[in-house]
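Asks: Chains as they are written, first to last, in the working numbering: chain A, 180 to 530; chain B, 180 to 530; chain C, 180 to 530; chain D, 180 to 530.
Pairs involving identical chains hold if they fit within one copy or between any two copies, as the list cannot separate such chains.
As a list, the in silico BS3-like pairs of lysine-lysine whose alpha-carbon atoms are at most 25 Å apart:
1) Lys-374 to Lys-219
2) Lys-203 to Lys-246
3) Lys-203 to Lys-455
4) Lys-374 to Lys-214
5) Lys-214 to Lys-294
6) Lys-237 to Lys-374
7) Lys-455 to Lys-230
8) Lys-455 to Lys-204
9) Lys-265 to Lys-287
10) Lys-204 to Lys-219
11) Lys-219 to Lys-455
12) Lys-246 to Lys-230
Worth flagging that the hints you see were computed from the coordinates, not collected in a lab.
4 protein chains.
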Amino acid sequence: MNVAIVGATGYGGMQAVNLLNNNKKYNISYLGGNKTCGSKWNDIFPFINIKSDPYIEKISADNISYKSDIALLCLPNGISSTLTRKLLDSGVKVIDLSADYRYRSLDKWKKIYSKEAAIYKRNDDDLCKEAVYGLPEINKEAISKGRLIACPGCYPTSALIPLVPYLSQGIIENEGIVIDSKSGTSGGGREPNQKLLLSECGEGLSAYGLINHRHTSEIEQIASLISGNNIELLFTPHLVPISRGMHSTIYGRLRDPGLTSDDCRILLDNFYRNFKNINVLPVDTFPSTKWVKNTNQIFLSVKVDNRNGKIIILSVIDNLLKGQTGQAIQNLNIMNGFSMDDGLDLINNFP
Amino acid sequence: MNVAIVGATGYGGMQAVNLLNNNKKYNISYLGGNKTCGSKWNDIFPFINIKSDPYIEKISADNISYKSDIALLCLPNGISSTLTRKLLDSGVKVIDLSADYRYRSLDKWKKIYSKEAAIYKRNDDDLCKEAVYGLPEINKEAISKGRLIACPGCYPTSALIPLVPYLSQGIIENEGIVIDSKSGTSGGGREPNQKLLLSECGEGLSAYGLINHRHTSEIEQIASLISGNNIELLFTPHLVPISRGMHSTIYGRLRDPGLTSDDCRILLDNFYRNFKNINVLPVDTFPSTKWVKNTNQIFLSVKVDNRNGKIIILSVIDNLLKGQTGQAIQNLNIMNGFSMDDGLDLINNFP
Amino acid sequence: MNVAIVGATGYGGMQAVNLLNNNKKYNISYLGGNKTCGSKWNDIFPFINIKSDPYIEKISADNISYKSDIALLCLPNGISSTLTRKLLDSGVKVIDLSADYRYRSLDKWKKIYSKEAAIYKRNDDDLCKEAVYGLPEINKEAISKGRLIACPGCYPTSALIPLVPYLSQGIIENEGIVIDSKSGTSGGGREPNQKLLLSECGEGLSAYGLINHRHTSEIEQIASLISGNNIELLFTPHLVPISRGMHSTIYGRLRDPGLTSDDCRILLDNFYRNFKNINVLPVDTFPSTKWVKNTNQIFLSVKVDNRNGKIIILSVIDNLLKGQTGQAIQNLNIMNGFSMDDGLDLINNFP
Amino acid sequence: MNVAIVGATGYGGMQAVNLLNNNKKYNISYLGGNKTCGSKWNDIFPFINIKSDPYIEKISADNISYKSDIALLCLPNGISSTLTRKLLDSGVKVIDLSADYRYRSLDKWKKIYSKEAAIYKRNDDDLCKEAVYGLPEINKEAISKGRLIACPGCYPTSALIPLVPYLSQGIIENEGIVIDSKSGTSGGGREPNQKLLLSECGEGLSAYGLINHRHTSEIEQIASLISGNNIELLFTPHLVPISRGMHSTIYGRLRDPGLTSDDCRILLDNFYRNFKNINVLPVDTFPSTKWVKNTNQIFLSVKVDNRNGKIIILSVIDNLLKGQTGQAIQNLNIMNGFSMDDGLDLINNFP
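For reference, chain A alone in the conformation it holds in the complex:
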């Protein structure tokens, strides 16, 4: 199976190289990067050695489809849409890590990603409708049949995995959900950016995108679909001075205030019992993002305020793996009929 990594020199692409480099099921057939094209990979990344030492190539649908069966698009929002139809038409399946195909409606995308919509004149509402939302633990069946997978954002992943079991079974009320998320700086990408300089964001913590961060709408779309109701929620992302890691603290109200912490823990445990990357912790054990660093694991913990039936759910992921490329590889595995965890047995190596 020949896999193209498009946008190879950003964090998403680098992780993809790491994960596929020694994976015997896949061959990295193409590495695309416009700024570095013409360079040899090992010269740019002496610490991520690829034995064949390939060249980084210009990004074009022709270059990709000539060599590859499937493409991982690790590109800024908007750019994926310029390649996807051509790739699909050439018979190349697409796993897109950007937001381009996360909404069922192109109009919705244009509204939410208006800045990108002003640059990239898209006309592929059909592909938006065809695309499968690539949350593997929830949507495996559809992913296995899809040819265009829209990988979820990191924040939606960290929020939906803990929420879906409760929403799908009507355990939590649809109203009043609060998602307070904290992310490491690698979520902001590898492009130079004053706000992400160590001098600026080190030894500090701040919120951003209050009320209308783009991922709010993505989370609401899926949460509404799962619950069968229109859900409006509060989502607040925060920037934390760590490279990797994402922590979501989710607040909700139980429909049945008599449920205990342990009831809620068991429910979660049952829901995910077949997924070895999802770990539900004992009540009163609270995970650190450090536990999942460099892995595709999720740790979940849940606790109920038994005075009033409020519930708090915690989730931690590595934003670049389960939150991004690790999840993309799960989708790749499913599309190819392998176990979704293949090649994702990663060691955390605390501390």
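Once you have looked at the hints, place chains B, C and D on chain A.
Replies: Leaving out everything else, chains B, C and D in the frame of chain A:
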């Protein structure tokens, strides 16, 4: 005015030395620390030079009252209660930075601080009732007349300053308040502690004390008092890998969902217009804890979800200054008839 | 005394605003910044409040000289040289924080700063010769009479302060000096830069500029001048994941191998006994950069290998204060006949 | 092959569990830890899952030898010596990660580790003489035949790997070597320690152990052995606020000052060409500790000052892997006739 700093070698005490060292209104008359007693201050802290290079002394009420008019108790919970009555009886006023006098009822304290209550057999419910809760922007009048001030915890400070204006005027519903707080590691103190090793908590983030952290009850006590109703809320503290800084993200529901972000900002601005350490930011400007590091300032920002009248309020403080010793100095100033900001014109020195 | 801060929105400029903002001896008469010109200062920096809330202005010699008696040039290398002659001709004294006037010869500058020399066609060898090297503890007399001061680089400051006493008295051999320096990331400035992203440089340490870093020549120029001999030394800078702070570990050989650690400590202590910002530590007390953060202090420590007369000297500074703007203010004070420490009584506020 | 991990809950032990957990060549037969004995591993370390979920057992030679063919001793200095003879007598081979058997002479150990020598009354000079210094790239033959391996310290590893090629061939002069090393905090272990609190050492950098750090003597012993001469050198360790990573900057003088950077690079490259964990970088490419985090790799870079024949060599390792447990596993592999890199194909996963 002779001031004793009791527990001088922990973070609270060290900040107190810094703040009083060059303050002409006060004289540091006594430095107490049991582990280091007998040492000269400048030998232990070559980077916090006190001109007179005093000895650190054994902690005893006699030693303190012999030399001092007022005592800052920067001690672990429980220990303050062993000194306070004697100090008051000797005519020494007390500003206590621990939790010992934060509750109006000793029974409540014993319930919440049960571990300490098992060690320290307290019998001073009268002092619990006499003690004034030292939140200077809210409680100035009572502080000015008090002889025993219980300084608020860092989390309660960061939560109450933003909440009080809305609660006191009934703008926010009493039900459904969520306080998601993030603290730097210095809040955990200076004692050796595996969880606070850089190797353990660096490059990671985790929640702790879900549902029943001790500060939940402290926040609820004051919030209930202010609103005139019994308030139950959710408070979740998180440990962030920074030395200093505290960020609270507070979620609530407006009684009048027609209020705009700007309405809510103006309300906050008006409430605190006479306090130069409280800064209300324009809508959509979100503060970093880094902006207040090394200062006694608070920055507040507020935003409304105009789809449904939910409100988010952000606050940032330096947990060791406005969250601890800076606030104690405000109380000290008020008790002595000075402007509460005296000696607290601190430079942030970003980055 | 009206002072212009030119390049006000970089780290050098921001520190200058902090240091002069509440300093009654000086008035900030002008804030120059090309990217932000037209904005009000307090809108850009809500956490560095200037009471008058001035506009940031376009950078031009006319704008500056119209309002100011003296200009602090906090600009990238090369740009200062386009302003300096005009400013001096208008009677404005110049304190330059860049490297433009650190060499006595323009040719030398052109060789070392060849990239900048290709952009800025300089013709001011006379000013290079006139400029005074602004290391206040060594060069106070000349500074007091100068109208153009070239402030030292941060690395040279951290290396020369400890070396000068030994070199000037011939205690250390000229041959074989090694300076191993470690700097926080703010030394790299505030411009977006991939290498300085927290994601890239956090949790890592690396050397750069081996053998031919530009500061090697600057250190060698002054060391040679002081010792009266041509000195060639090894200087290696390293990037450390902290915002502020610089540590230099300096290795040399004693001419008289019989000298003890204490002999060498006393010598240093005597040399700097009149400078209250220079602190010589007891033997076997080793300073942290954290001790000097946010201050203009230097801590020095020295130790001898009594097997063979090798000496190690340690120095720590805040790279943005003693290493940059704090030192510039010392020069400003000296030029105006004030004590060099005026306005530099800064609190470290550990941790 | 049944392997005992003794001292399993410190960083050395935790790494050992990680490295052997999914290694089919070895079976973890015993986990020893006195403080946690009786607990189940997975309860203590939910983020390092061992399928069999073994109990942690009391540390005793009998317990170990009953179940194991070989023991990894990940214990504080001094304690290993209380177990080693019994283990060897029971036929259990020993890989010791402490300093107990690093010196050929017990007297030397007693002198250098005097504090430990006062507690542990050792009488095993014969074992000191028998023990093999476990630097696998240098000492493979002896390791393969040994039954007691003394793993090198982290600093000696990071210094000797780059120095040995030059010393063994007489390229660098024996006199005047300077090793300036920087280590992450995990090198200080997992025991609570005020100096290693994030609040204390975060945002700071400091040197320690000047002149007489214990590793100086260890490096000198091996360097002298390799060069055939008595070598005295300067070694200075520094504490850097990162969890993992070690960087050594080594300064020396070439005997033949005509050698170029590239000559010196080629020499290093040739020396280590058969070791796939040792990477010699192109001249002017300087490694970050971040490149080797979570791996057993070393990156080396070398540069010559062609004015005077001085040489600088850089090395980076992960102090807990190549600097500790990864190296121990190399020794384990060699003792068992496997390739020394077996099970050490670790992904770095930058950033």
